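Construct the complete structure from the given sequences, taking the supplied hints into account.
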Amino acid sequence: MELYHGCLDTKEIFGRWLDEQSDSNYGAYIPFVGTIRAEDGIEGLSFDIYEPILQQWFEEWVARAKAQGAIVKMAHAIGDVPVHTSSYISAVFSPKRRVALELIDAFVEDFKANAPIWKYDLKGGKRLYAEDRSTPMDGAGVLA
Amino acid sequence: MELYHGCLDTKEIFGRWLDEQSDSNYGAYIPFVGTIRAEDGIEGLSFDIYEPILQQWFEEWVARAKAQGAIVKMAHAIGDVPVHTSSYISAVFSPKRRVALELIDAFVEDFKANAPIWKYDLKGGKRLYAEDRSTPMDGAGVLA
Amino acid sequence: MMIKVEFLGPIAREPMEMEATTLAEVSAKLKADERLAGWLEKCAVALNDTMVTDLTTPLQAGDRVSLLPPVCGG
Amino acid sequence: MMIKVEFLGPIAREPMEMEATTLAEVSAKLKADERLAGWLEKCAVALNDTMVTDLTTPLQAGDRVSLLPPVCGG
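For the protein sequence lines, the chains are A, B, C and D, in the order given.
Taking our numbering, the leading residue of the first sequence gets 1, the next gets one more, and so forth.
Taking our numbering, the leading residue of the second sequence gets 145, the next gets one more, and so forth.
Taking our numbering, the leading residue of the third sequence gets 289, the next gets one more, and so forth.
Taking our numbering, the leading residue of the fourth sequence gets 363, the next gets one more, and so forth.
Derived from the structure by calculation, the hints contain no laboratory data.
Everything numeric in this text was worked out from a predicted model, so none of it was measured.
Any given hint could turn out to be false.
[What the hints assert, rightly or not] With a straight-line cut-off of 25 Å between C-alpha atoms, the simulated SDA-like cross-links for lysine to any residue are:
#	chain 1	residue 1	chain 2	residue 2
1	A	LYS96	B	ALA250
2	A	LYS96	B	ALA182
3	A	LYS123	A	GLU102
4	B	LYS155	A	PRO136
5	D	LYS366	B	PRO280
6	B	LYS256	B	ILE157
7	C	LYS330	A	ASP48
8	B	LYS270	D	ARG375
9	A	LYS123	B	ARG241
10	A	LYS112	A	HIS5
11	B	LYS256	D	ILE373
12	B	LYS240	A	PRO82
13	B	LYS155	A	PRO95
14	B	LYS155	A	GLN21
[To be verified] Which chain D residues stay away from chain B? Per the calculated CB distances, all over 12 Å, these:
#	residue
15	MET363
16	MET364
17	LYS366
18	ALA374
19	GLU379
20	GLU381
21	THR383
22	ARG397
23	GLU403
24	PRO420
25	GLN422
26	ALA423
27	ASP425
Heads up, the beta-carbon is just placed ideally off N, CA and C, and yes, glycines get one too.
Structure representation (structure tokens):
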């Protein structure tokens with residue numbers, strides 16, 4: 001897991017992950033690159049991350065992938081990221097195509113649902129919690 | 145659609161496709177990179193492609209993706225490709241994560257099932273049709 | 289015993305110290321705070337950085353309870 | 363009328379010319395060739411580079427029928 005202040009160097013990360021696994025005999029490599037869309041007049045997005053729980057969440061996915069003979073990777077931005085640059089890259093390597101396609105889908109969806117990351121719109125000099133696009137994590141409401 | 149004699153320059157293709165769409169406001173970019181696995185003592189794989197029908201197959205996917213606001217890309221090797229190098233990259237760009245994840249899965253699976261490409265094992269100086277891993281295309285058997 | 293409650297991300301509240309022996313007691317005390325009312329039903333909870341969902345979870349002195357509001361990474 | 367039949371990928375046969383007015387006639391003639399027997403049930407068919415599945419498809423002079431054996435790209 002890699003966390004960066006500001007936007008990701010997508011090509012560097014893609015290439016380095018590829019090189020790291022060049023002799024590992026994985027047949028399928030599927031990165032997912034998330035890019036900040038220009039919409040609603042935002043200048044960018046900003047992210048808070050709670051790293052201890054993100055790390056645990058990620059380690060569970062590492063174990064889940066390993067049980068299928070696969071590996072997962074992840075990089076995310078902390079703080080401000082301008083539109084049309086990348087804030088998030090995840091990836092799966094697997095010997096097999098089907099495992100890789102199913103794993104990247106499940107991994108990215110669970111990331112959106114349960115990774116402890118909070119998103120803010122950067123707009124007119126303000127940093128506004130993107131509440132309408134945020135979802136309660138699994139188990140939310142236990143104290144209510 | 146891009147066809148290359150020999151293995152693909154994965155990083156160049158990944159980066160160029162990314163750059164081409166850098167102002168297109170797509171939020172998700174999912175490449176699928178296929179790498180030749182070392183197995184059964186092969187030195188590599190070799191591919192025959194029938195380009196006119198591959199081009200048509202690809203154009204249908206371009207139209208299908210466009211109807212969902214997405215785009216698809218594809219690169220494949222012709223001829224001999226050594227183990228641990230890449231023979232195939234496809235990719236999807238989409239504004240939306242769900243569309244991208246579903247499209248890359250359907251696109252790659254239909255590619256495996258219906259793209260007119262024939263695979264051969266390179267082993268001991270021979271080029272042997274990978275019949276056991278090949279699948280009849282949709283509509284096969286019409287003349288039988 | 290004394291435990292600490294912290295509020296992550298956009299809740300933007302300073303950490304609180306309180307007496308509590310279970311998560312149920314933490315819940316009761318937080319519900320009394322009007323400014324938190326809207327957050328509680330949307331927040332997941334971690335105890336010393338491990339996610340928890342059981343209100344009967346016993347607490348130890350020095351434990352740290354974290355409230356995690358709705359997320360949106362990517 | 364005279365049409366051409368070609369064999370793609372691993373079938374490794376030279377193209378054939380034959381008289382035929384429908385795909386059904388092409389089928390009948392190819393079935394008579396023992397060396398092709400194993401391929402026919404596994405091959406898809408294109409007429410002038412468009413995939414076809416209907417045996418009643420009429421043929422024109424100069425048409426090109428292609429046999430596409432099982433594929434494995436990637």
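For each hint, the structure was consulted:
1. LYS96(A) <-> ALA250(B): 16 Å, holds
2. LYS96(A) <-> ALA182(B): With Cα atoms ~13 Å apart, LYS96(A) and ALA182(B) stay inside 25 Å; holds.
3. LYS123(A) <-> GLU102(A): 36 Å, violated
4. LYS155(B) <-> PRO136(A): 37 Å, violated
5. LYS366(D) <-> PRO280(B): 22 Å, holds
6. LYS256(B) <-> ILE157(B): Satisfied, since the Cα-Cα distance of roughly 20 Å is no more than 25 Å.
7. LYS330(C) <-> ASP48(A): It holds: about 17 Å lies between the C-alpha atoms, which stays within 25 Å.
8. LYS270(B) <-> ARG375(D): 19 Å, holds
9. LYS123(A) <-> ARG241(B): The given pair, whose Cα atoms are some 23 Å apart, holds under the 25 Å limit.
10. LYS112(A) <-> HIS5(A): 20 Å, holds
11. LYS256(B) <-> ILE373(D): Satisfied, since the Cα-Cα distance of roughly 19 Å is no more than 25 Å.
12. LYS240(B) <-> PRO82(A): 18 Å, holds
13. LYS155(B) <-> PRO95(A): 20 Å, holds
14. LYS155(B) <-> GLN21(A): 14 Å, holds
15. MET363: Given that every Cβ of chain B is farther than 12 Å from that of MET363(D), nearest at about 18 Å, it holds.
16. MET364: 18 Å, holds
17. LYS366: 15 Å, holds
18. ALA374: Given a closest Cβ separation of 9 Å, the condition is violated.
19. GLU379: At about 17 Å from chain B, GLU379(D) clears the 12 Å cut-off, so the statement holds.
20. GLU381: 16 Å, holds
21. THR383: Nearest chain B Cβ is 15 Å from THR383(D), so the label holds.
22. ARG397: 14 Å, holds
23. GLU403: Per Cβ check, GLU403(D) is inside 12 Å of chain B; nearest 4 Å; violated.
24. PRO420: Holds, because the least Cβ-Cβ distance between PRO420(D) and chain B comes to about 15 Å, which exceeds 12 Å.
25. GLN422: 18 Å, holds
26. ALA423: 20 Å, holds
27. ASP425: It holds; ASP425(D) is separated from chain B by about 14 Å at its closest Cβ, greater than 12 Å.
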